[in-house]
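Student: For reference, the chains in residue letters:
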Amino acid sequence: MTPTEIHQRLLEVFGPDDILGLEAELIDPVIVVRPGALRAVATHLRDAPELAMDFLRLLTGLDRPDAFEVVYHLFSYPKRHSVGLRARLDREAPTVDSVWDIWRTAEWHERETWDLVGITFTGHPDLRRLMMPDDWVGHPLRKDYQKPSVYHSIPTTRPKPSSQAPTHVFPPAEHVAKAEVEGEWMQVNMGPHHPATHGVINFLLETDGEIIRRARPDVGYLHRGLEKLAEITPYGNTMPYTDRVDYLGSMFTNHGWAMAVEKLVNVQVPPRAEYCRVIASELNRIASHQIATGALAMDIGAYTPFIHWLRERETINDIMEIVCGARLTYNYMRVGGVARDIKQPTLDRILTWLDHFEPMIDEFDRLISNNEIFIKRLANVSTISAEEAVSFGLVGPNLRASGVDWDIRRDEPYSVYGDLEFKVIVGQGLRGSVGDAYDRFVCRVLEIRESVKILRQACLNIPEGEVQGKVPRDLKPTANEVYARVEGARGENGFYIVADGQKQPYRVRYRTGSFTGMSIIEHLSPGLMVADLVALIGSLDVVAPEVDR
Amino acid sequence: MNNLQGLADYAIRAWFSVPDPARWPYTWLVYLGFILLAGLIAVGFAAGFAGPMSFIERRIAGRMMSRIGPNRVGPQGIFQFIADGIKSLLKEDIVPAEADRPLFLLAPYLVFTGMFGTFVALPFAAHVIAADLDVGILWLLAIPSLVVVGLLMAGWGSNSKWAVFGGVRSAAQLVSYEIPSAFALLSVVLFAGTLSTQGIIAAQGPWPWEWFIFRNPLLFVTFFIFFISALAEGNRAPFDLPEAESELVSGYNVEYSGMRFVFFFFAEWANLWVMSALATTAFLGGWQVPGMPAVEIAAMTGWRFVGWEALSFLIFALKTSVLVFVVVQLRWTLPRLRVDQLMTTCWKYLVPLSLITLTGNLVLLALVPERGVVDWMMRGLMVLIAAALALRYLQRVRANYLADRENYRKMEGKELWYPPYRLP
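So the protein sequences, as listed, match chains D and Y.
The opening position of the first sequence corresponds to residue 1 in this note's numbering, with each subsequent residue numbered one higher.
The opening position of the second sequence corresponds to residue 1 in this note's numbering, with each subsequent residue numbered one higher.
Read the hints as simulated data drawn from the structure, not as lab findings.
Possibly wrong hints are sitting among the right ones.
What the hints assert, rightly or not - In silico BS3-like links for lysine-lysine, alpha-carbon gap of 25 Å or less:
{"#": "1", "chain 1": "D", "residue 1": "K476", "chain 2": "D", "residue 2": "K453"}
{"#": "2", "chain 1": "D", "residue 1": "K343", "chain 2": "Y", "residue 2": "K410"}
{"#": "3", "chain 1": "D", "residue 1": "K228", "chain 2": "D", "residue 2": "K143"}
{"#": "4", "chain 1": "D", "residue 1": "K228", "chain 2": "D", "residue 2": "K423"}
{"#": "5", "chain 1": "Y", "residue 1": "K410", "chain 2": "D", "residue 2": "K453"}
{"#": "6", "chain 1": "Y", "residue 1": "K348", "chain 2": "D", "residue 2": "K376"}
{"#": "7", "chain 1": "D", "residue 1": "K453", "chain 2": "D", "residue 2": "K263"}
{"#": "8", "chain 1": "D", "residue 1": "K423", "chain 2": "D", "residue 2": "K453"}
{"#": "9", "chain 1": "D", "residue 1": "K503", "chain 2": "D", "residue 2": "K453"}
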C-alpha cells in the first residue's frame, strides 16, 4: 500500500479526530496522529493483516519551535510498504505513550529519545538515560540546550592550558565496592575494558557462578554527539563525520548519507560513480565481515583465523588506500558521486586479489567454520526467532540468520544493485536451530562469498564516464524530510534528515544495526553462561561506536 | 635426597674436618645451605626449559599465523625470553589495595613449586634424573596438585571477580582431569610393574614396537586419554578456560604484574615440557637408545659414558619436542571449550573411557603373554597404523606447502621466501 492508502484506511478506522493529516509532500510521507491515539493506531498498524507494520525502523524525537515531535518510521516485511507516523507534543510538557511492547526495539529508542530530547514516554518500563550519565542535567539535542558548566565539580570547559594552571580538584575516588553478593547472585562488571566487548561497552552481569541471570548493557562511552554535529555542519561537510559512525563500515555510512542528501537536493549520480560506490562498498563489506567472523572466532578462543583474515584484509586496505587515500575512515563518497575514480589497474588488482581470496575463504572454513568445538560452542546458543528479530529491529545478517528473507540490496535496489546477480543468504539452521549464533556466523561467511561475486561483476561491467554529477555549490535543500537507507555490513544503515531550507540540516538521525543488536542482548541473556554471552556479542557483530554514535 | 645428604656429609668432613657429621652441631646449617643450592640449581635447570619454550611457542605461533614472531633479540630472537625476564624483574610488583595480601603474594610460588617439583622425577637420560623415586609416578601425579591450591589462592586473593572465576574454573578443571590422567598412567604402571619412572622406561624398549603406546590397541587409546587430560591439567588450549582471555580477561592472574606474573607463565611453559616428557616416559620409550641397553651405558666410563648419556638425552628431547610441537599446534588451531562442555568431556567420556581401558588392559595383561604371537601381532598392527597416520600427516604438510607456494607465486609474482624446514 502507498502511504496515501494507509492514511485512508487509518481515517476509516479512527476518524479525523485521531488521524490529523498526511504530509504527502515529504519525500517519505508521514501521517500525523493525535498523541493520545498513538498506541491504538500503532497497535492497529502492527496487527491489521493488510498493514502488518511489524518493523519500527526508527524513532526520532524532534525539537520544533512550536512543539516537540516524535516520528516513527514503520515498515512491513510481509507487505513491503512503509510510512511515517508523527505525534506533535506540547512544548512545555512533552509526554506520549510508550510503544515499547508493540515494537520491542522502541524500548531503547525511547530511552535515547528521553535522554537526548527529553520526551517522556509513559508506560515505559525502564526510562533511564541511555547515552548520557544517569545524573546528567538537561537534554543535549534540544535546540535550547545549555551545557552545564560543571559536571561532578569538573568544568566542562577549560581555559587555555598555557594561560592557567588547572584550578579544579578531582573528587576523592569512591571506595571500590567489594563483591556484593545479594542473596544468590553476584554482580560483575564486564567492561568497559574487556576483550570481548568489541569496544568500550559495559555489561552489568548478574551471575550465579557462570550462569547469567541478567546482562544489562551500559552504552554511551563512545557517544560523540554525531547527530548534534551534523546539525551544525553543512550537508557536504558531514561526510567525514559519517565515517565515524561505524569505523568498520565507513563506505555504507558514506553511501547512506550521500543518498539521503541526493534525494533532498535531487542530484543524479553518474553510472560509473554508482559502480565505484558498489565496488568500494562490497570491498568494505568483505573487510567488515572478516573482522566480525574473525573476532567471533577469537572470542571463542581461536586466534589464528582472525590473524589470517587480517592478512587478507590488509590487501583490501591497500586497495582502499589507492582508491580513496585512507585505510579505515574512507571519506570516499561525495554528494552526487565519489571523490576519485577507480582506475583500471586498481580494478585489475581487485580481480587478481579475488582469485587469490576465494580459496582463502575455503581455508577459513576448514580452519574454523567446520571445527567441531567451534560448532558446539555456537550451535543452538542464543537462538533468535524471526518474530523476535523483527520486533527487536534486528537488521542485516542478524535478521537474515533468523530466517527473514530480506536484503535492501535486492528488495529495494539502490545504486546499481538491481543490475547485479547475487544471492541473499538466509539462515538455514545448518548445525542447530535457525537463528542461533552459528547461523549468524555462517551468514556472514557466505555473504563474503556473495560479495566476491558482486565485485567480479561490478569490476568487469563498470562503464566509462564521469564520477561526479552536477551538484550546486551550496547545498540548500528546501524544507523536507527524507529517510534513506542502505544495506550495510551490520544491516540497515538509515539516515533520517529533516531539512529546513538552511545550509545545515535541522535534525539528523542515524539508524544503525548495532544499536538494535545491542538492545536485544538483555532480552536474550537470562540463562546464558559467561562464555555464551561472549559468543552472543560476537555473533551479533556489535560495534561500539555505531551503538553510541 | 640421599645423594644430596651424602654430598653434604662429604663436604662437612672435607671442609670442616668433622669426623662424624651426625654429632656436629652445625650440620643442619650446612644441610640447609645445600638444599638451597640444590633448589637454585633445580630452578635454573627448569627455567632453562621454560624460557626457551616460550620463545619456541611464540615462533611457532607466529609461523602458524603467517607473521614472524620475536626475532630482534639475539640471532633469530632466541634471547627474547631473557629480555622478557629482565623486563619483568625490573617492573613494579603491584599488590591491589583490597587484595588478601599473604594469599596474593604466596600464590605464584605455590604454582611455581607445584610445577617445578615434577622435574625431580623426570628421567632426562639414562642417569640424568634428580631422584629416581620408587613412587615416581605418584609423585608426578601428586605434586602438581599444589598448582590447584596456588591458582585458587591467586584467584581468591586478588579480590577480583574475574580472578575468582578463573581460580574456581581451574580448581574444577584440574581436579577433574587428574582422574583420567591417573587412570591412564595406572595402565602403564600395570604393564611396567613399577612406579619408578626409570623402571617404566626400562620396561619398554628403544624401538617403536616395544613402546607402551603400540603395545596394544587399548594402550594406544590410553595414550590419547592421557594426552588430553594432560592438556587440560596444564591449562593448554582447547582447555585454557582458567585464563580465557576473551571471557575472563586473563583469569586468575589478571591482577598480577612483574615477576609474580611471570612465575605463572614460567609454570605454564615448564608444564608444556613436563607433560610432553611424562608422555614420552610413559608411552614413547623415554630416552632409550636403539642397540644400546641402559646397563651397558652404566658400565661405561669417561667420555664414552658422557657421549652415550648425551645421545640418550637427545633422543628424549627429540621425542618430547615432537609432542611439544603438537601441543603448541593444537593451541593455535583450536577454539576453546565451554565450562560445561569441559566437564562433560571429562566426566562423561574420559573417565568412563579410562576405566574401560584400564579394565581392558588388565584383561590383556592376564590373557596375552608378553612377546607371544598375539602380542607381536598387536604391536605390529599398531605400528603399521601409526606409520600410516604419520605418512598421511606428512602428505598433508607437503600438499599444503605446495599449494602455499603456488598461491604465493601467483599473488606476489616471486618465489616463496622460506623453505619448508626453516623457521622464518
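Student: Give a verdict on every hint.
Tutor: Checked hints:
no., hint, verdict
1, D:K476 <-> D:K453, "violated, 39 Å"
2, D:K343 <-> Y:K410, "holds, 22 Å"
3, D:K228 <-> D:K143, "holds, 10 Å"
4, D:K228 <-> D:K423, "violated, 38 Å"
5, Y:K410 <-> D:K453, "holds, 20 Å"
6, Y:K348 <-> D:K376, "holds, 16 Å"
7, D:K453 <-> D:K263, "violated, 29 Å"
8, D:K423 <-> D:K453, "holds, 9 Å"
9, D:K503 <-> D:K453, "violated, 40 Å"
Checked against the numbered hints given earlier, the structure breaks hints 1, 4, 7 and 9 and satisfies all the rest.
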